[in-house]
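Chain by chain, the residues:
Number of protein chains: 2
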Amino acid sequence: MITLKELADRCGVSTATVSNAINGKSNISESTKMRILQMIEETGYKPNFMARNLRVNSKRTIGLIIEELSAFTSPAIIEGIMRYFEAQKYETILYNMRVYSNLNWMDDEKFLQSGVNNAVDELLSKQVNGIIHVAEHSRKLKYYNHILPVPVVISYAYTDERKLPYVSIDDETSTVKMAEYILSKGHTKIAMICGLNDNLHAQKRYNSFKRVLKEHNIHFDEDLCVFVNWTRDAGKEAAAKVLKKGVTAVFCHNDFLAAGVYDYLYEHNMQPGKDLFVTGFDDHIVSSYLHPGITTMKLPLLEIGRKSAELMDNLLKSDAKYGIEGFEIPCELIAR
Amino acid sequence: MITLKELADRCGVSTATVSNAINGKSNISESTKMRILQMIEETGYKPNFMARNLRVNSKRTIGLIIEELSAFTSPAIIEGIMRYFEAQKYETILYNMRVYSNLNWMDDEKFLQSGVNNAVDELLSKQVNGIIHVAEHSRKLKYYNHILPVPVVISYAYTDERKLPYVSIDDETSTVKMAEYILSKGHTKIAMICGLNDNLHAQKRYNSFKRVLKEHNIHFDEDLCVFVNWTRDAGKEAAAKVLKKGVTAVFCHNDFLAAGVYDYLYEHNMQPGKDLFVTGFDDHIVSSYLHPGITTMKLPLLEIGRKSAELMDNLLKSDAKYGIEGFEIPCELIAR
Numbered sequence: 002m003i004t005l006k007e008l009a010d011r012c013g014v015s016t017a018t019v020s021n022a023i024n025g026k027s028n029i030s031e032s033t034k035m036r037i038l039q040m041i042e043e044t045g046y047k048p049n050f051m052a053r054n055l056r057v058n059s060k061r062t063i064g065l066i067i068e069e070l071s072a073f074t075s076p077a078i079i080e081g082i083m084r085y086f087e088a089q090k091y092e093t094i095l096y097n098m099r100v101y102s103n104l105n106w107m108d109d110e111k112f113l114q115s116g117v118n119n120a121v122d123e124l125l126s127k128q129v130n131g132i133i134h135v136a137e138h139s140r141k142l143k144y145y146n147h148i149l150p151v152p153v154v155i156s157y158a159y160t161d162e163r164k165l166p167y168v169s170i171d172d173e174t175s176t177v178k179m180a181e182y183i184l185s186k187g188h189t190k191i192a193m194i195c196g197l198n199d200n201l202h203a204q205k206r207y208n209s210f211k212r213v214l215k216e217h218n219i220h221f222d223e224d225l226c227v228f229v230n231w232t233r234d235a236g237k238e239a240a241a242k243v244l245k246k247g248v249t250a251v252f253c254h255n256d257f258l259a260a261g262v263y264d265y266l267y268e269h270n271m272q273p274g275k276d277l278f279v280t281g282f283d284d285h286i287v288s289s290y291l292h293p294g295i296t297t298m299k300l301p302l303l304e305i306g307r308k309s310a311e312l313m314d315n316l317l318k319s320d321a322k323y324g325i326e327g328f329e330i331p332c333e334l335i336a337r
Numbered sequence: 002m003i004t005l006k007e008l009a010d011r012c013g014v015s016t017a018t019v020s021n022a023i024n025g026k027s028n029i030s031e032s033t034k035m036r037i038l039q040m041i042e043e044t045g046y047k048p049n050f051m052a053r054n055l056r057v058n059s060k061r062t063i064g065l066i067i068e069e070l071s072a073f074t075s076p077a078i079i080e081g082i083m084r085y086f087e088a089q090k091y092e093t094i095l096y097n098m099r100v101y102s103n104l105n106w107m108d109d110e111k112f113l114q115s116g117v118n119n120a121v122d123e124l125l126s127k128q129v130n131g132i133i134h135v136a137e138h139s140r141k142l143k144y145y146n147h148i149l150p151v152p153v154v155i156s157y158a159y160t161d162e163r164k165l166p167y168v169s170i171d172d173e174t175s176t177v178k179m180a181e182y183i184l185s186k187g188h189t190k191i192a193m194i195c196g197l198n199d200n201l202h203a204q205k206r207y208n209s210f211k212r213v214l215k216e217h218n219i220h221f222d223e224d225l226c227v228f229v230n231w232t233r234d235a236g237k238e239a240a241a242k243v244l245k246k247g248v249t250a251v252f253c254h255n256d257f258l259a260a261g262v263y264d265y266l267y268e269h270n271m272q273p274g275k276d277l278f279v280t281g282f283d284d285h286i287v288s289s290y291l292h293p294g295i296t297t298m299k300l301p302l303l304e305i306g307r308k309s310a311e312l313m314d315n316l317l318k319s320d321a322k323y324g325i326e327g328f329e330i331p332c333e334l335i336a337r
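Keeping their order, the protein sequence lines are chains A and B.
For what it's worth, this note's numbering labels the leading residue of the first sequence as 2, then goes sequentially.
For what it's worth, this note's numbering labels the leading residue of the second sequence as 2, then goes sequentially.
Chain A extracted, bound-state conformation (with noise of 0.2 angstroms):
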């Protein structure tokens, strides 16, 4: 193979020129950078680019493994690590598991196993410094079994039997928040539109709903609440339900299920806000479009994605392994 000086003379230009018209400078004309390239590829020359690259493998590199990309929750929390990766000078590159490609992922453990087994694979064939797991929702993962030789930390989830540093949301002190906030408008009979009941999320939401009402000395009627699918029809479905008992307001565990009860309102000539109050959950952007928009809990996203970087960053600069600190965070009220 020729040597970069032998394409330039070729060429009739320095040795610089051709570099800078292979890394892509802006100072050359383009016939120029037409004649060099046409060389390059009559002569079969191959650029240097390891050279370039040493630069850039000096630096750490993150592996996020992301269970769904299209999650609403992902892009967000994907940002507050990369933020807090970039200030701090590491790379980061993303492996998508893709777990909504399969309709009962959440059953079937062999394909979540093997999907993390890939991306594990796949992200250490890539000479990553650590690995983030950013979860679709919150719950126990038991994908991380093995013996890696990075660090692994847990966004938006937990780990079973074998801990690893996690960081996710606090839904006992924000569905707190959210159902004082309701009893301060006034409401003594509520119905609670909850999650499927295997569900984290929904446990959580659905025992200190129940706790609050109980310190505040308000009956609670196990009949006002259902566990769904957490769809806008099965909202509008549940709404058909607790609806026929008289309630006054109505919490949901997402923003959708909350969407399902405006359309049965409207269906039925009811104004959401006026003859019922609907609160959802999530801070969903869809909650600011509802008409009206929807009183909602902002899942911290952001900050979890910040605080699951930390924690890498930590157990990076400390070269601990296994560190096993959790943090969960508060979601915030929005009042609308």
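Derived from the structure by calculation, the hints contain no laboratory data.
Misleading hints may appear alongside valid ones.
[Claimed, not checked] If you want a taste of the chain B side facing chain A, the calculated C-beta under 7 angstroms gives, among others: (1) Leu70; (2) Ser71; (3) Pro76; (4) Glu80; (5) Met83; (6) Glu92; (7) Arg99; (8) Val100; (9) Lys127; (10) Asp171; (11) Leu214; (12) Val287; (13) Tyr290; (14) Leu291; (15) His292; (16) Ile325.
[Stated by the list, open to error] Straight line, CA to CA, 30 angstroms or less: simulated BS3-like cross-link-like pairs of lysine-lysine: (17) A:Lys237 with B:Lys90; (18) B:Lys299 with A:Lys143; (19) B:Lys90 with A:Lys111; (20) B:Lys111 with A:Lys237; (21) A:Lys275 with B:Lys275; (22) B:Lys111 with A:Lys90; (23) A:Lys143 with B:Lys275; (24) B:Lys60 with A:Lys60.
Virtual Cβ for every residue (Gly too), placed ideally from N, Cα, C.
The hints should help you fit chain B onto chain A, whose structure is shown.
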């Protein structure tokens, strides 16, 4: 350093058991696993991850450069790309440029060029076999003057000067569909709330809309058109201007602008859909949560991703680096 055999002997188990523990297999008791883990930490034994990774490295890896992961278009484009590559047994890794971290990113060419350079260097150092650049919105990209050892495909944008294969949306055909739909509802005095006028999408939608009116012999009134930022607030302000002119329909260049028109109507006790026919563009998730749901054009994001991946696949299979095929895919009318 001790060998696998020595480690296994010290733990009083077989080498197979140690391997299984390292690789996260589940058929080992928790106490054995902890004993092995403890011994690994005491002896400083380093599991041979490279051997495991050889298998992975034989796969082709495509690097995706994402301008902004938080852009609502990005996750679906990425999903389209990855769905294709999963079927073809390619690995995919993502690099997020985070352009929103710079408030004036669209005008800061240096920032963008340096972001692309970093992304390219990082992905090349990770030995990717090809790069797909996923843009935040369609425009002419100027950042790929490098001479790269791998092929590049542009997803949701075009390139300037030196042409690269690309896939974007067909704004013309899509606008024609929408304009004819509005006309079919009997409207002849139609306002247009456009995006920023230096934006390719906005220019194409404006021109195509104007052309359709002319073809239908309907007077095109420049005074009924405003070019504004793409936000909900801008849509509301624009509505205040154009609605004074007695229009019966408004064609908005995106769904946020349409949501702003809704805000204006609500504030003035008018009903969207009844007192004014409002259409959006994008089929952003909020468009179905507005009340009533808005008629819009669905961006073919999955298909843009799929087609971009297919172009890359073809380039890799043909060993051609500089194919210059381009595709523009029409949007789908979602009538609500």
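Was the hint right that valine 100 of chain B lines chain A, CB cutoff 7 angstroms? Nearest chain A Cβ about 12 angstroms off; hint violated.
Is the interface hint satisfied for proline 76 of chain B? The criterion is a beta-carbon contact with chain A at less than 7 angstroms. At about 4 angstroms, which falls below the 7 angstroms cut-off, the nearest Cβ of chain A leaves the hint on proline 76 of chain B intact, so it holds.
Less than 7 angstroms between beta-carbons is the criterion; does glutamate 92 of chain B satisfy it with respect to chain A? holds (5 angstroms)
Interface hint compliance - leucine 291 of chain B to chain A, C-beta minimum distance less than 7 angstroms: holds (6 angstroms)
Can you confirm whether the C-alpha distance between lysine 60 of chain B and lysine 60 of chain A stays at or below 30 angstroms? holds (25 angstroms)
Holds or violated: is there a CB of chain A closer than 7 angstroms to the CB of leucine 214 of chain B? Cβ of leucine 214 of chain B sits 30 angstroms from chain A, so the hint is violated.
Does arginine 99 of chain B pass the interface check with chain A, least Cβ-Cβ distance below 7 angstroms? holds (6 angstroms)
Would you check the hint for lysine 111 of chain B and lysine 237 of chain A, treating anything up to 30 angstroms between C-alpha atoms as holding? This hinted pair is violated, its Cα atoms lying about 50 angstroms apart.
Agreement of hint leucine 70 of chain B with chain A interface, Cβ distance less than 7 angstroms: Constraint on leucine 70 of chain B satisfied, holds at 5 angstroms.
When the nearest CB of chain A is found for isoleucine 325 of chain B, is that gap smaller than 7 angstroms? violated (14 angstroms)
Between the alpha carbons of lysine 90 of chain B and lysine 111 of chain A, is the straight-line distance 30 angstroms or under? With a Cα-Cα distance of about 19 angstroms, the restraint between lysine 90 of chain B and lysine 111 of chain A holds, given a limit of 30 angstroms.
Lysine 143 of chain A and lysine 275 of chain B were given as a pair; does the straight-line alpha-carbon distance stay at or below 30 angstroms? violated (53 angstroms)
Checked against the numbered hints above, the structure violates hints 8, 10, 11, 16, 17, 18, 20, 23; every other hint is satisfied.
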